[in-house]
Amino acid sequence: MENNKRVLVIDDEAHIRRVIELKFKNQGYHVITATNGEEGLDLIKSQQPDVVITDIMMPKLDGRALCERANELKEERPFLTIVMTCRISPTEKDWISQLQDTVFVEKPFSLQTILKCVDHYFGNQE
Amino acid sequence: MKVQRISIAILVIFVIGIGIFAQTLHQQEQRSRTQDLQHRGNYLVSLVALHPMENFLGSKRDYIVKTLAEYVTSDGLIYCIVQDQTGSPLLSLAHRDVVAKIPTDVEQRSLYVNGLIQQTYKMVGTDHTISEFAKPIFEGGQRSGTVRMGFDLPPLSMFSLERIKLMGIMAFFAFSMAVLVYYGVTLALRPLHEVNQNFRNICIDTVPVAPGTVKNGGVGEIIKGLEQSVIKLKDRYEKIQAENIDLTTKYGVISFEKHNVFSILDSINYGIIVTDIQDNITHINSYMLNLLGKKQDEVIDHLLGEVLSHDQITAFLLQQDAMKQSSGARYIEATFPELDSGESFLVSLSYLSGRKEDVIGKVISFKNITSEKSAENAKHEFITRITHELLTPLTTINSYNEMLMDDEIDNIELQKEFYNTINEETKRLTSLVKNLLNISKIEMGSLTLHKGLVKSDWLFDDSLTTVEGAAQKKNITIERNLPDSFPSLFADKELLKVAIINILGNAVKYTPENGHIQFMLTEQDDCIIFEVSDDGYGISKEDLPHVFDKFYRSTDPRVTEQTGSGLGLALTSEIVRLHGGEIEVKSKPDEGSHFKIRLPKEEYYLGKQ
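Protein chains in written order, with this note's numbering: chain A, 1 to 126; chain B, 1001 to 1609.
These aren't lab readings, by the way, just hints derived from the structure by calculation.
A hint or two may mislead.
Said to hold, decoys possible - Below are the SDA-like pairs computed for lysine to any residue, each with C-alpha atoms no more than 20 Å apart in a straight line:
# : chain 1 : residue 1 : chain 2 : residue 2
1 : B       : Lys1474   : A       : Glu13
2 : B       : Lys1427   : A       : Glu13
3 : A       : Lys25     : B       : Glu1413
4 : B       : Lys1473   : A       : Cys117
5 : B       : Lys1509   : A       : Leu61
6 : B       : Lys1588   : B       : Gly1515
7 : A       : Lys60     : B       : Glu1513
8 : A       : Lys25     : B       : Gln1415
Claimed, not checked - Per the computed footprint, the stretches of chain A lying under chain B, defined by three or more beta-carbons under 8 Å from a beta-carbon of chain B, are:
#  : region
9  : 11–17
10 : 21–34
11 : 100–110
To be verified - Not everything, but these chain B residues come out facing chain A in the computed CB check (under 8 Å):
#  : residue
12 : Thr1387
13 : Thr1392
14 : Leu1394
15 : Thr1395
16 : Thr1396
17 : Tyr1400
18 : Glu1402
19 : Met1403
20 : Asp1407
21 : Asn1411
22 : Asn1420
23 : Thr1421
24 : Asn1423
25 : Glu1425
Since the model is a prediction, treat every value here as computed from it, not as a measurement.
Note that beta-carbon positions come from the ideal geometry of N, C-alpha and C, so glycine has one too.
Okay, chain B solo, but in the shape it has when bound (with noise of 0.2 Å):
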């Protein structure tokens, strides 16, 4: 229907697009006739306005009548008169009735005007339109006749033949234009019907179009689906804007918790190695660069392989990959050979999954557990010595018990000496328990006071005398030095007894034969001062900070060769702190050590707890 209309517009146009061609044409034809009858009028009264007058009655006569008469039929001249001063004519070349046509004032006119004039006039009785050319002739410097010639200009018809010949020509080759130019435009608009399409592709959010499937339309129906598609698009951008701001928020906020990430990965005291799926290492944290000794540049995109050339972990992580990542222990202990100080880490693998739930890569971690393997073997040799140190008195109960029972023993003495022997054993076993009991209340932090009047000579004493016995077996002197008076203590009597034993049993223990012990009783202001003082092996300055330490026990010989726990100087110092008192300690190896315990000054009365 559109098209229908289209055509018939377009044919509307051309015929008057024809139409005023030919009108055109015609006024232009019109106006070629006119100027060509002026020039043709002009030229041929001149002409004849140049004979004297007597050519036109004299031998010469005939000449210019044959001459006029052939202009006469030919060129539309339809009458030439030739007429004296009177206005007689001389000469008359005219149809019969067409000189009596000829208006009268027109005749007047061209017979008393000087100079050539040109009158047009309708001739009478006819609808022939004349156009009168009008010359005097001079003889002499007088004016002695007139020469009229009358010319008939047809009616131009708008449709003849030759006008319409070549308005068909015209037509044809119009026609021929406006199919080669609708094939041109066509041509010229397919790129712009693809990019419509494209556009219509672009933008449209359902199926898309197939090519050559969207109407070839005109030019207005692509400008209108370009420009719905550059509204579409003006949308899409302004959506796409939106999600880029969006996405661009997100990535600042994924960036952001990824620095955090990073910043905790590098702030633990963990080894840390990621690394993609082909073994690359993608992240490493500043614990492990340290650990490696290298730089993050020698490190990233780098095969695991080159950078930790450690053959245990490599041979654990491909029986890992080999497991094909089955459940089960990802874990094994290791230490680096190139670290002089022979830590032992946790060296744990997992594995990092992607979307799909599929392996995307490695994440190896490296925990230090150096102090807690030594924790663990301290604790397990505390264990063991405390095993043995219980199972040695009750193997002598148990030995020396049977043989009484068995009556391998007559001798009265020796049966005396078993007896005792017994005793002893079971006063050291309770005395060992005790001390178990101590250390597990001090572990549970449930170790309370039992405080009382303690006085300071009888802690002295009593304390000298328990190690007394050891000292003489290998010949030490002790030496003592007390205060000319003795302050009481407000303080747990059995734990102080114990806290003081212990530092004199480690002075008698860790020096050697012929050698010397001070033990002072000072007292001060505000506290009561006990100091032991030895010239035995002393303590090296690495194992000076930890003596009181639990389980901590030095490694030097000729203190292992000596029976101890570990737990001595721990339970001394806790029982001290618990008093409110301080200990000290100052040594230097092969010189001998000083303890210093200060324990403060407490008023007493009775019924205080």
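Isolated chain A, as found in the complex (with noise of 0.2 Å):
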């Protein structure tokens, strides 16, 4: 079950970052992690994945700025971005939901809701 989507993960902590990449391995996907905003930031630039999943509360780049300077690059590119959160406040719903193609999951998320997340993206390209 060979898929060419590239599914970039960041996130500071590792058994997150293992889990989801196994998850996505599994159905298929190519998967690249970063361990903090600025190097996803680098990431996104570099490989151009198809989805980002990141964390909010991470060292260097913080979640919501990677996702702001991710949403510059999606004119040029088009790519989901899913925002794993602790507690989605009514401010942290505005900020998301004036971005493109941005979606969020609350901590503690089931895998098979982001895999059905990011299946119901392509679904819709396709």
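Can you join these two chains into the complex? Each is in its own frame, and there are hints to help.
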């Protein structure tokens, strides 16, 4: 079940990176990982992933700043961004809703939910 | 009745006055007639006595008689007798029976007294009073005869026609004068009446007396009225004076209270501006003057908008005014761009009400809420972080479990790794919850120690082991310095371990890769000292006084990029304090930090709690 879609997982928590990586690899996605926002932004620019799954609280560059920078890049090349958040407050909902192709999942999430979200995004595209 | 009595009295006085006046006039006229008679008698008798005796016998006798006869008829001369030395009459001009009625002693005296004499006598058989003038006639140095003249001074009638006319004229003038004086006095008294009336109006506390309703009495009544008015005025003055003293006292108390209120307003850590209904500033406290950087005279009686040129606050005040002071939130948060510190203020508005519940001004207060905002933000950030810290292991456990349950992990080794991860994350979650409980206990002041015998070398090694993994990942070298012998402590082992791990963990967290950490244990007479030094990022001068504050985190990006709750050092400080110890820190930015925990030795014996 080979899939040519590229998924970037950005989280400072190694365990979470690892389990998402495994889940998507099992589904045939090509998975790349980053440990902080800065590294993640570099990979978005260089690897041009189709899906970015990112945490919010991260060192160096937090999730919000990363999403806003990534949103600028979406004008040339759209891609899905999934934000993993602990608690979705009204202000957080606001800034996420203003970004293109960006959704959020609340922790603790089901991996199946994230996968369905990605499949749904690519299903709509096709 | 009173007026009638006064009228009768005036009439009696008037009649008496007229009588006295008539009497005086009569006496004056009588005196004048007597004097005139004397002059006339003296003159005529002297004139006749100048004639030689022969004139009364010869040719001149007729001439003299004719002349004297005129006097006899006109001027009261009733007789003129010229007698010779012997007393024989040479000439006698008199009424028929007059000479016989002259008393003898009068004649004798006139005939034998040398010089001019005057005698007054009652004519015999009549009521006539006669004045006789006599003068001897001298010839050749010898007395040759005597001239006697008698004058009848008829009684002067008190009520002669002339006098009655005169008195009538006088009475007319007197009456006219009295009427004139009366009206003059009335006219002159009119202002006095008005003054009296005004006095009454002032003094009478009841209904004021309308002008003209006060009876125009006499001067006595006016004076009496004035006297009463003055008494009432005096009473009123005393009452007003007492009220004045009362008011002065009240004013003093109010001034004192006002001063107190202003002192209180000046002493509070709020900015206060008070305005009147036209938005002119009537009072401003010291705090607000300092905040605006203005002096009192630059602010008082100036418009609020001129003094406080702040768009946000001006809009807020206008909005509140437009809402007609309806109830609801009357505050906004504002910052002053001119303040470098960027402090936040809670600007509150309330309206001042007068006695009739009408709005008479505004009170605008400015409360510095920078620290509250900071604490609120820190707390919010803390909750966010704690939520993140709790949900992260939960997410790991949940997702790893999901993978295992969905049979997506076929590899046995991988399955083991997953089970281990779930186990580690469960421990991590447990530890985190314990820390949170400790923090909660510290917050509530209910953290209790479970003391027991603790070997310092065990505490040292166990703490070091906890952080060694993280240090190795960053290639940080940890140098151990231990004493020859290891003293024991009487302490809460778990809590003390948490305190030391927090210090060591921070040293690893905030020291760059390939750095160095020194961990020392030393013993002194009365205490045991744990020291941790590093060559990491260090702590800035601004952050250093706050490192043990709860929820405090530095704004240094090298610190914020690391996960942390801002509670580690606060918890450590509390644990050390609960053990009766001290913690101190020395640090320089970019050179490193040095933490020293000093714990007192405590004698231990079995069964000690």
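Using 8 Å as the Cβ threshold, decide whether Tyr1400(B) counts as touching chain A. holds (6 Å)
Would you check whether Met1403(B) satisfies its interface hint, that is, whether its CB is within less than 8 Å of any CB in chain A? holds (6 Å)
Does Gln1415(B) lie within 20 Å of Lys25(A) when you go C-alpha to C-alpha? Holds - the C-alpha atoms of Gln1415(B) and Lys25(A) are around 16 Å apart, at most 20 Å.
Using 8 Å as the Cβ threshold, decide whether Asp1407(B) counts as touching chain A. violated (11 Å)
Hinted contact Thr1387(B) with chain A - closest CB pair below 8 Å: holds (5 Å)
The region 11–17 of chain A covered by chain B? Criterion: 3 or more residues, Cβ-Cβ distance below 8 Å. This one holds; 4 residues, not fewer than the three required, reach chain B with a Cβ under 8 Å.
Status of the hint placing Asn1423(B) at chain A (closest C-beta pair under 8 Å): Check failed: Cβ of Asn1423(B) comes no nearer than 12 Å to chain A, outside 8 Å.
Given hint Thr1421(B) near chain A, where the shortest CB pair must fall under 8 Å: holds (5 Å)
Can you confirm whether the C-alpha distance between Lys1588(B) and Gly1515(B) stays at or below 20 Å? Holds, at roughly 16 Å.
Hint check: 8 Å Cβ-Cβ cutoff, Glu1425(B) to chain A: The hint holds - Glu1425(B) has a Cβ within 8 Å of chain A, the shortest such distance being about 7 Å.
Would the hint on Thr1396(B) stand, with a C-beta cut-off of 8 Å toward chain A? Thr1396(B) check passes; min Cβ-Cβ to chain A is 4 Å, inside 8 Å.
Would the hint on Thr1395(B) stand, with a C-beta cut-off of 8 Å toward chain A? holds (4 Å)
Of the numbered hints listed earlier, those contradicted by the structure are 4, 20, 21, 22, 24.
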